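Q: Sequence:
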Amino acid sequence: MAGGHGTKDEAARRIFYARLRARRERVIRDSFMDTKRRKLTTDLEERERAAAAVEASDPAKQEERREKDVTARVQEELAQFQARKAKKFAAAPTSNSKTSEQEKNGENGGTATDKERMLKVYWERNLGDYTAVKLRELHISRPLIG
1 MAGGHGTKDE
11 AARRIFYARL
21 RARRERVIRD
31 SFMDTKRRKL
41 TTDLEERERA
51 AAAVEASDPA
61 KQEERREKDV
71 TARVQEELAQ
81 FQARKAKKFA
91 AAPTSNSKTS
101 EQEKNGENGG
111 TATDKERMLK
121 VYWERNLGDY
131 TAVKLRELHI
141 SRPLIG
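Letter by letter, the sequence shown follows residues 1 to 146 of this note's numbering.
Be aware that a few hints might be false.
Said to hold, decoys possible - Computed list of lysine-lysine pairs in DSS-like fashion (alpha-carbon distance at most 27 Å, straight line):
1. K85 with K120
2. K85 with K68
3. K134 with K88
4. K87 with K120
5. K120 with K68
6. K120 with K134
Said to hold, decoys possible - Derived Cβ-Cβ restraints for the label pairs, each shown as a range:
7. R21 with E64: 50 to 56 Å
8. H139 with A72: 20 to 26 Å
9. T42 with I140: 52 to 58 Å
10. A72 with D43: 49 to 55 Å
11. S31 with E10: 27 to 33 Å
12. R136 with E76: 23 to 29 Å
13. R21 with Q75: 52 to 58 Å
14. Y17 with D43: 34 to 40 Å
15. A72 with R117: 20 to 26 Å
16. D69 with A22: 27 to 33 Å
17. V70 with L138: 42 to 48 Å
18. R23 with A50: 17 to 23 Å
Calculated directly from the structure, the hints in this document are not laboratory data.
As the structure is a computational prediction, the values presented were derived from the model and not from experiment.
In this text, a Cβ means the ideal position worked out from N, Cα and C, and glycines have one as well.
Input sequences plus hints: build the corresponding full structure.
A: This is how it looks when you write it as structure tokens:
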């Protein structure tokens, strides 16, 4: 009877030590990853600070960055506009229904049509080229682009 007990205890002991070893290895691996992650984070922050310092000292770089940001924003808005247009085109009924006629005639308060035709304008105020009033005057004096 004692011999049967020994194998069960040894099997349980092997399982216990395997789990203990796995737990210790995981703690060591996690601490190594934490150290590595911290090093990567500090390296990234250091590179960002260095890039910001170079950009701050070079007005041409600042302007280039601003242009990239504006271009990215315009591209994003264009993609959103095209997605809305494609969605509207796909959802448009083939026959002349009352809702499509109402939209054409400007009924429904015109909110959906106005929002779809809205153009966002960004400009540098410090350049002094155009004021908001001047832009409105230009917009009103020109015919709408269909």
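Q: Using the Cβ atoms, figure out if D69 sits within 27 to 33 Å of A22.
A: violated (48 Å)
Q: For the pair we were handed, K120 and K134, check the Cα-Cα distance against 27 Å.
A: holds (15 Å)
Q: With 20 to 26 Å as the target window, see if H139 and A72 comply at their CB atoms.
A: holds (25 Å)
Q: Indicate whether the distance between the beta carbons of A72 and R117 respects the range 20 to 26 Å.
A: holds (23 Å)
Q: With 42 to 48 Å as the target window, see if V70 and L138 comply at their CB atoms.
A: This hint is violated: roughly 20 Å between Cβ atoms.
Q: Does the Cβ distance between R21 and Q75 fall inside 52 to 58 Å?
A: Given about 53 Å between the Cβ atoms, the range holds.
Q: At the C-beta level, are T42 and I140 separated by a distance inside 52 to 58 Å?
A: The hint (52 to 58 Å, Cβ to Cβ) holds, given that T42 and I140 are roughly 55 Å apart.
Q: Under the criterion that the straight-line Cα-Cα distance not exceed 27 Å, is the pair K85, K120 satisfied?
A: Cα-Cα ~17 Å, so holds.
Q: Mind checking the alpha carbons of K87 and K120 for me, to see if they're no more than 27 Å apart?
A: Given that 27 Å is the threshold and the Cα spacing comes to 21 Å, the pair holds.
Q: Is 34 to 40 Å respected by the C-beta to C-beta distance linking Y17 and D43?
A: holds (39 Å)
Q: For the range 50 to 56 Å, tell me whether the beta carbons of R21 and E64 fit it or not.
A: holds (55 Å)
Q: Given the hint of 27 to 33 Å, is the C-beta distance from S31 to E10 inside that range or not?
A: Cβ of S31 to Cβ of E10: about 31 Å, so the range 27 to 33 Å holds.
Consistency note: the structure conflicts with the earlier hints numbered 3, 10, 16, 17, 18.
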